[in-house]
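Undergrad: Based on these hints, arrange chains Y, C and X on the given structure of chain D.
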Amino acid sequence: MSQYLISHWGWYPPLVYMLMAMLAASLVLLVIAGGSVLFIWMERKVAGRIQDRLGPTRVGGKFGWLQTIADGIKLLSKEDLRPEGADAMLFRIAPYVAFCASYGSFIALPFATGWVGLDINVAVFFVVAVLGLEVFGVILAGYASASKWSLFGAMREAAQVISYEVPLGLCIVIPVMIAGTMDLTKIGNLQSGWFTNWYLFHDPFTFITFFVYYTCALASVNRAPFDLAEAESELVAGFHTEYSGLRWSFFFMAEYGSMFLVSALGSVLFLGGWNGPVPVAAWIFGEHASQLSGVAFVLANVLGLMTFILKAVLGVTVMMWIRWTLPRLRIDQVITTCWKYCTPIAAVMFVGVISWQLMGLPSGGDVLPHHEQGLRRLPGSLRERPFEAGDAVPAANSVGFESEHADRERGQADG
Amino acid sequence: MFDLLTQPVGLTHYLIVGAVMFVAGAVCMATKRNALGVLMGIELVLNGANLNFVAFGSNFLERNPAYQLGLDGQIISLFVIVLAAAEAAVALAIVLNFYNNHSTVDVDRADELKG
Amino acid sequence: MRTGNGGRRMGEINGHTVLFLFFGILACLFSLAVVFSANVVRMAFYLILALAATSGLHFLAGADFVGTMQLVLYVGGTLVLLVFGVMLTAQNPFISLRTAGGDWIVAALVGGILLVILVPVAFQIGLPPQDAGDIEGLTQREAVASSEPVSVPTATRIGLGLLGVPGDDVSGYLLPFEIISIHLLVVLVGAAYLARAKRKVVVRQESQNSAGS
Amino acid sequence: MESILSNLLLLAWLLPLASFCVILFFGPRLGTAGRGAAFVATGAIVSGFALSLTALILWVGTHGISGAHHADSADTHAADQTLSPDSQVAIDPSAAAVHLVAADHGDAHGGDHGHGRVGPKAAYFGDWYTLVDFDRLKITIGYYIDALTVLMFTMVTLIASCIHFYAMGYMHDELHDVTDHEVTLSNGEHLKRPGRYHRFFQYLSLFCFSMLGIVVAGNIAMTFVFWELVGICSYFLIGFYIERKSASTAANKAFIVNRVGDFGMIIGLMALWGSLGTFSFGGEKNDAGDIVKPGMFAQARAETDHYALKTPEAMVESARQMGAEDPEHTGHVLLIVAGLGIFCGCVGKSAQFPLHVWLPDAMEGPTPVSALVHSATMVAAGVFLVGRFYPMFTPEVLLTIAIIGCITLFMAATIAITATDIKRVLAYSTLSQLGYMMFALGVGGWVAGMLHLITHAFFKSLLFMCSGSVIHAVHTNEMTQMGGLRRKMPITAYTMLVGCLAIIGAGVPTLVGLSGYYSKDAILAQALHFGKNNAAWDVMFYVAAAGAAITAFYMFRLWFMTFIGQPRDPSRYDHAHESPRVMWMPLVVLAFFAIFVATPADIENFTDPTASPMVQLLEQARPDGTGIDFSGQLAGVMMPAEHGSHDEEIHLAAGMIAFGTAMFGLLLACCLYWWRILDPEEVRSMFAPIYRFLRNKWWFDELYDAIFIRPTLFCGRCIAQCDRGAIDWLIDHLAIWMRSFTAGFDRWIDRLFVDGLINWVAQRTYALGIWLRKPQTGRLRQYVVFIVVGTMAMYLLATFGLTN
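Chains as they are written, first to last, in the working numbering: chain D, 63 to 477; chain Y, 16 to 130; chain C, 19 to 231; chain X, 19 to 822.
Excised from the complex, chain D in its bound form (with noise of 0.2 Å):
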């Protein structure tokens, strides 16, 4: 679209390529932007409903619809305070920090096939490394607020997150193994089918892993019962005490941004992203969507991606429930779990999944029979391939941001 723009509008190319960027930005924006006014509000429902009241009720209507936007209102209009002592830039630009790591990894999130911000290989990574950033908000914010409650927050949010990452890179590495590529969109085309292609079902490992990620995926981004850095008995608010305002909506968006972006990134590894329990579309359109074309694409896509934000929406609401159901950890407590439960579980069923591939047991794909089944497991030598020249990529420009990679793709088909 934007080769379209230039060649045939004459536009200067560096201004299409911004315009292009912001685009795709903003959409991405919308997600979390959209999905934080939507979390936050469940999530005061949730608490509601298990504290055995009702929670919002009356902004927006009967369910407290508006109730969020109120808040978002009312905080934008707060005065932006900064402790005197504090660090100015960094107390400023702490929020900002943590925001853009949290929505810089959804760069790489595939929502369905094909509908990505910038498909890159190493998808995988990219969306923890880029997750593992917000770390430094929290610790900057900490810091720069000159508040010993910030500065203890922002020491246990550094020490939980390096220490937390081992486990998680471990239990990210294991459907990354057996797809055998650390592309998310060809990650979540090989589980297409039946919910027993999911790599959740793959073996006994891979079931075990996906719970050991969840646990870990809540400390990494800092939800009970792991939200030590913010822990209200102790540390009066942690590494936000000194923050109001827009500011500290900021940390919120981050922090609402990240859950649902480790629920999504759990829903591709584990529970078959934008794919259904059943072969809807194959049974509509005949095939699956990765091998769709045209409207039948966009549909087929469009239901990938209901289903997708299903399973993500689903993942953040078991957060929600299990932060208003368990008690906190003392911080020893949480690096004990790591240390000693997570990483050697982990481990072990990282060596699990080996094993299980080299014998070559039969995995949950092979309870059905392969006819039933869209894209079927492939051999390792082989891994990298399928992929390729297009078959995986929609034929039609039909996103935007998503038409530069097809030229490309369709350019060396034809070279």
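Be a bit skeptical, because a hint or two may be false.
The calculated SDA-like cross-link candidates involving lysine to any residue, where the alpha carbons are at most 20 Å apart (straight line), are [as the list claims (entries may be wrong)]: (1) X/792 <-> C/202; (2) D/210 <-> C/102; (3) X/311 <-> X/504; (4) D/402 <-> C/211; (5) D/210 <-> C/211; (6) X/792 <-> Y/125; (7) Y/129 <-> X/311; (8) Y/129 <-> X/801; (9) D/402 <-> C/50; (10) X/792 <-> Y/100; (11) Y/129 <-> X/159; (12) X/792 <-> Y/114.
Here's a subset of chain D near chain C, in silico, CB distances under 7 Å, partners left out [as the list claims (entries may be wrong)]: (13) 79; (14) 84; (15) 191; (16) 198; (17) 205; (18) 257.
Hints were generated in silico from the structure; no laboratory data involved. Cβ atoms here follow ideal geometry from the backbone N, Cα and C, with glycine treated the same way.
TA: This is chains Y, C and X only, laid out in the frame that chain D set:
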């Protein structure tokens, strides 16, 4: 020199960025009295060098074909990254020990072994 | 689409160039900011940004795996560690340690000379030769300055290279890989040992006194 | 046949070695307190006996039992002549050609003389394993198997088996901790030590291995090796009660005295090898089985000379090379020297005069050891070697052997009269009987000597074991404390009586007798024959006959003192008891053999002593060429052929004299010790000087002490004094002077040059370090600058400095 901005990105671009980072790192090491500042200088130097490796190994840059490193460049820069992590861990441990023993992180005070 | 055949193409600006300029300038700028900032916490912050920008440059150079690794390990790991150290030692006297003017002059002099040496070298070896078009086969590949960040899978080949399987443009690196693995393990143990809490022998003076009296 | 026989004997020979190794490594762990060691050792030797017996049966089956050749039995003679080569052709093709040729010669020769077997005897020889093979020197583990070898194997393993069984009972004290009442420690207590049951059997096994090694040896070097092994086993076993001073001294004495003999043997070996170039008895074979180098026997008694003894060409040649004026003569002397040297070893091993002093003392070992080692087998090794080496002995040497044997038999017999220690009586008896054997061999009675060797082995081991049984019962060796034991231990008493009767050669003249009867008669007959042919030496026959009388006397003195009459020590008598079955069963077995081993099996020729299978077999083994008369070149002595002694006249005379002397001795003993007609005390006081002389064993120990030991010690002291006073003094003072000189010189050099150099280097290094420490400012940031500057300098140097 200024036509760099209007030319297609080539090896030179990367080398210059790398050189700037390298020099910045070296100067950082030479001027910072804080031990952690020195460490940061080291990281900058390593990154400058790393950037050069990647650039030499890249297929997408305009360059003299004689200087083509291929994927080896990327692998070497991977090694550098990993070793830098190890180095940082040990250096940080040393700095913390130094801090514990001397209650300071001023490298100018760490001259007990001077000749 | 590609017009140049190895000659210098002027004035063609594409997304790659834009992004490169963005990241390159960012990297240089924040590197210098690290040097000139006196506050160690800010230095750390600038360093993070400089390294993140470097990772962007890696992506632009087609090294997506290295770029990601830079983010995961360097920015997400090493620098967190560094910031951790900064915060552990960030007491007021040490946040801003002033450097003597003489040191600055010497360092600037030396750094300047280094830069003066390095930049011409960069021009000397970085530019394609004027008659590069004569070399068949190479120009097709080398002279391509991609108009967009492309991602040709490198992770697999790098992984094979690390496992000692040489490819068409990669050698086998099994031994270095193993050495580095062991090295990392040793460093892990060593760092933990160096930084461990020194256990002090608590002399129970009170109990002894009470027992004596 | 050769391979079967050699493998059978190899196995029988190596089994005791295996047993030794097993006990050596696992001894104390074999059963409780090492009880299993006895079963291992006994099992090995009994298996060895079974194998040997198989070999004997095979031998008899192949070669028949007949071997004697009489002048009047030409048919038999001829039949044997043809039978022997035929069987060889059938079974031993490799030697067939040789033997066929030999048969021709035998016929021709037999026609001339008509006496004795002149064809080659049946013998297998070869090598199992080559230890070293240099050009001239070839040392192998080989075998030389003839009828004698097989017989000796059977005899040794049989007696050893009996003794093993006997020892299982006799040594049972050693199964637990032992308190040795004969050893008193410095604190007045008796020595307590752990039992050495397994060690005893370990030594016994090694001994059997060594003895069998001598018997089977195919060359004289191998013989010598096992000769020494037997010696060391003897040393171990005599010194079994090592804590007893007397035992350790006796062990040393036996070992040292044997060394004297072995020294002579080494001289003999050197003479043989230096001149003949081979150690092998039969000859050295190549891989194909052809004889590449004739053996010693073949060189001394060449087939072409009809096996007549002749100075070997090689000896004459070496004498010529030495520059002798008369090579023939010198070569002959060389042969004599070789023979005397070998005999010297035999003198030591068989305890002949004058090296006999060790054997009585060797009775310090446990009685089974005495029975096996010092009566039946080991001392028999000397006699065996003389018998084996017989073809190489010139008449001069044989005369020497006869004289030595004669002296020994008489001297030992006289000493035995006065001995009161039951084992010592038997020890001197052994000496005397060995003297008989040597004497027999010396006067040309090869078969007689060998027969006596075998019969003596049986009855002497029987006697020793009976004495052991008595000692076991009364816990003393002194006959003066025994008496009347016949009632307490009848089996021992009557088996011992059998042994005594056998040793004195009891029998009905010209009719039948115990085994000793045949062998002793044969010896005396040959002695008489010899005396008739050499009048100058006929005194030796009378000495031997007198010896027979004395033998009868002291043997029955022993038996009467032990078993007859009233108990002299009631307490010991009361405690006496018959030995357990494991001890008396061997006695019965041996008694059986002591009676029948030399009995003629042929009913028709029952009264003919030469018809005995044993004699016939030995006749088969008779060395080639010794069946005829031959005379010496130097001493003018004539060795009569042995079959001459079978003449009715000579044999009857000798037999009657022997019977008469034996009966005389027996009667005298009865008078003195049974019927008490004469009082021993009176007789003793009547012949007091002679008694003292005999009681002190002819003062041999004192004599040796005076002429060898004291001068040696005196010399040693003188030399030590000289060493201490003169040489040490000189060296000490030289050292002191040298030390003081070098100390000064050394110090000067050290200070001036060595230290100076080192100090100079050190100072320079120090100065350099001082200078180098200046850049070491301890300021990290300056180092960084240095590094950068250095890098830039290198770059500039590389760019502008080196490329231009």
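Undergrad: Decide if the proposed pair is consistent with the structure: residue 129 of chain Y and residue 159 of chain X, CA atoms, cutoff 20 Å inclusive.
TA: violated (79 Å)
Undergrad: Does the closest beta carbon of chain C sit nearer than 7 Å to the beta carbon of residue 198 of chain D?
TA: holds (6 Å)
Undergrad: Close enough to count: is the Cβ of residue 191 of chain D nearer than 7 Å to one in chain C?
TA: holds (3 Å)
Undergrad: For the pair supplied as a hint, residue 402 of chain D and residue 50 of chain C, is the alpha-carbon distance within the 20 Å limit?
TA: Outside the cut-off at roughly 42 Å; violated.
Undergrad: Holds or violated: residue 792 of chain X with residue 114 of chain Y, Cα cutoff 20 Å?
TA: violated (27 Å)
Undergrad: When you check the alpha-carbon spacing of residue 210 of chain D and residue 211 of chain C, does it fall within 20 Å?
TA: violated (28 Å)
Undergrad: When the nearest CB of chain C is found for residue 205 of chain D, is that gap smaller than 7 Å?
TA: For residue 205 of chain D, the interface hint holds, since the closest Cβ of chain C sits about 6 Å away, which is under 7 Å.
Undergrad: Hinted pair, alpha-carbon criterion (20 Å max): residue 402 of chain D, residue 211 of chain C. Please report holds or violated.
TA: holds (19 Å)
Undergrad: Between residue 792 of chain X and residue 202 of chain C, does the CA-CA distance stay at or below 20 Å?
TA: violated (36 Å)
Undergrad: Take a quick look at whether residue 792 of chain X and residue 125 of chain Y sit within 20 Å of each other, Cα to Cα.
TA: The hint holds at about 17 Å.
Undergrad: Holds or violated: residue 792 of chain X with residue 100 of chain Y, Cα cutoff 20 Å?
TA: violated (34 Å)
Undergrad: So if I understand the rule, the pair passes when the alpha-carbon distance is 20 Å or less; does residue 311 of chain X with residue 504 of chain X pass?
TA: Distance ~60 Å between residue 311 of chain X and residue 504 of chain X Cα, so the pair is violated.
Comparing the model with each earlier hint shows violations of hints 1, 3, 5, 7, 9, 10, 11, 12, 14, 18; every other hint is respected.
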